[in-house]
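**Q** Chain by chain, the residues:
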Amino acid sequence: MRFTKTRAMFSLAATLALIATLAVPLPAQATPGRSPNALPTDTVGIATGGGTVALGSIVASFGLNAKRPANFTGGGAATGRINFTKHANVLGGRHVNVPVTFMSIVLTTTPTPNGTGGNAQIVGDCQAQGAECPSNAPGPAFKSVLVYVEDNADSGAGSDFFQITYCTDPATAIPLTCPGGTDGGTLRSGNIQIRANSGGSGGSAPMAPITARRLP
Amino acid sequence: MLKLILSSCAAIALIVALALNQPAQQANAVGTPNMLTAGGAGVFPAGATFSGVQLAGGTFGIGVQTNSDGTAKGDLELQLNGNSPIGLSQWITVTGWITDGTVNTDGTMTLNGTCTVDMGDGTPPIGGLSLVASVSLTAVTVTVGSQVIPTLPKSDGWVFID
Chain A
362 MRFTKTRAMF SLAATLALIA TLAVPLPAQA TPGRSPNALP TDTVGIATGG
412 GTVALGSIVA SFGLNAKRPA NFTGGGAATG RINFTKHANV LGGRHVNVPV
462 TFMSIVLTTT PTPNGTGGNA QIVGDCQAQG AECPSNAPGP AFKSVLVYVE
512 DNADSGAGSD FFQITYCTDP ATAIPLTCPG GTDGGTLRSG NIQIRANSGG
562 SGGSAPMAPI TARRLP
Chain D
576 MLKLILSSCA AIALIVALAL NQPAQQANAV GTPNMLTAGG AGVFPAGATF
626 SGVQLAGGTF GIGVQTNSDG TAKGDLELQL NGNSPIGLSQ WITVTGWITD
676 GTVNTDGTMT LNGTCTVDMG DGTPPIGGLS LVASVSLTAV TVTVGSQVIP
726 TLPKSDGWVF ID
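Keeping their order, the protein sequence lines are chains A and D. So for the first sequence, my numbering puts the first residue at 362; every next one is plus one. So for the second sequence, my numbering puts the first residue at 576; every next one is plus one.
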């Protein structure tokens with residue numbers, strides 16, 4: 362009887378320990394709606410884009426450039442810039458203007474007729490000189506932004522994807538702690554292009570029919 | 576002899592002074608690889624029109640990477656809002672693929688490519704138009720086909736030439 366009771370108590374303690382372990386809060390992950398957690402950091406490629414996304418009832422414009430630095434040998438280093446402007450007065454600031462420091466990128470194996478396609482995670486440094494990011498007051502300041510883009514079609518609007526996430530991790534790798542939420546979604550207008558390199562011209566403008574729209 | 580030494584020292588000091596006086600970041604030279612990144616908005620001056628639409632304001636998003644041979648790759652998106660001749664709100668969207676680009680000596684950037692224009696009035700968008708854009712840190716001017724869109728002064732956001 363005593364043996365059984367001891368074993369029962371031991372089991373109960375073990376169960377409680379297991380529950381406690383599972384209940385320990387995990388660090389907030391950067392989980393953009395469509396972003397895979399790990400894209401290759403050694404692939405050479407470039408990402409460009411310009412357009413608008415709808416954020417509920419407001420509109421935001423973005424422009425972005427990212428490419429590998431000269432003499433790149435791997436490890437995710439990148440250069441470029443991210444600009445993002447919400448066209449409304451919003452709490453915490455509506456501008457992002459940051460240099461790019463890190464990128465992971467995938468080039469599609471089935472490119473569009475103009476030879477582009479893929480997706481990328483691009484990290485911008487909010488702590489760089491002259492950089493601008495929204496305030497996270499009274500919480501810790503944002504140190505980085507994580508932009509996730511998809512180039513799904515030459516026509517861009519309605520197909521390509523842009524999303525920006527605000528993070529408190531430094532911009533030295535893909536940030537994991539991103540308490541600032543995300544902005545973005547499928548492009549309302551504009552285009553994202555992901556391709557292998559920046560050499561040569563950018564091909565022809567997409568001639569695929571675009572549905573006539575009345576905006577907003 | 577003393578005069579020679581003094582004049583040599585003065586010359587060296589002048590060279591050092593000139594070298595130290597250079598700006599930390601030189602203006603981008605024509606023909607070097609550059610990046611133009613922009614996202615912002617502006618308000619048109621009174622009287623601005625395009626294809627009969629009275630323009631009020633506009634937004635822009637640009638990401639272009641140029642090469643030393645003048646070729647470029649990237650995207651330009653410009654959206655104009657205004658009123659149609661019968662007073663309806665109208666949004667015109669220009670979506671450009673950039674194929675050439677150069678930084679000019681005055682720091683502005685000239686982009687060339689082709690574009691699609693959606694007049695936003697229910698008519699089908701028109702593709703295959705030539706596009707020329709002049710972008711400065713304070714304004715965006717775009718020509719589509721033979722039509723010049725009035726210059727959009729930047730009042731919000733960023734234009735950055737790296």
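Don't read these hints as lab results, they were simulated from the structure. All residues carry an ideal CB built from backbone N, CA and C; glycine is no exception. It cannot be assumed that every hint is accurate.
[Said to hold, decoys possible] These stretches of chain D come out as covered by chain A in the derived footprint (C-beta under 8 Å, 3 or more residues): (1) 607 to 613; (2) 622 to 628; (3) 635 to 641; (4) 649 to 657.
[Claimed, not checked] Not the full set, but computed from the structure, chain A residues with beta-carbon under 7 Å of chain D: (5) G424; (6) T446; (7) G546; (8) T547; (9) G551.
**Q** All the hints need checking, so say for each whether the structure fits it.
**A** Hint-by-hint comparison with the structure:
Residues of the segment 607 to 613 of chain D with a Cβ under 8 Å from some Cβ of chain A number 5, which satisfies the need for three, so the listed coverage holds. Only residues whose beta carbon comes within less than 8 Å of a beta carbon in chain A count, and the segment 622 to 628 of chain D has 0; fewer than three means the coverage is violated. Requiring three or more residues with a Cβ within less than 8 Å of a Cβ of chain A, the coverage given for the segment 635 to 641 of chain D holds, as 6 such residues are present. A stretch counts as covered by a chain when three or more of its residues have a beta carbon under 8 Å from one of that chain; for the segment 649 to 657 of chain D and chain A the count is 5, and the coverage holds.
With a cut of 7 Å, the hint placing G424 (chain A) at the interface with chain D holds, because the nearest CB-to-CB distance is about 4 Å. For T446 (chain A), the interface hint holds, the least distance from its beta-carbon to any beta-carbon of chain D being 4 Å, beneath 7 Å. The closest approach between the C-beta of G546 (chain A) and any C-beta of chain D is roughly 14 Å, which is over the 7 Å cut-off, so the hint fails. For T547 (chain A), the interface hint is violated, the least distance from its beta-carbon to any beta-carbon of chain D being 14 Å, above 7 Å.
For G551 (chain A), the interface hint holds, since its Cβ comes within 7 Å of a Cβ in chain D; the closest pair sits about 3 Å apart.
Hints 2, 7, 8 from the earlier list are contradicted by this structure; the remaining hints agree with it.
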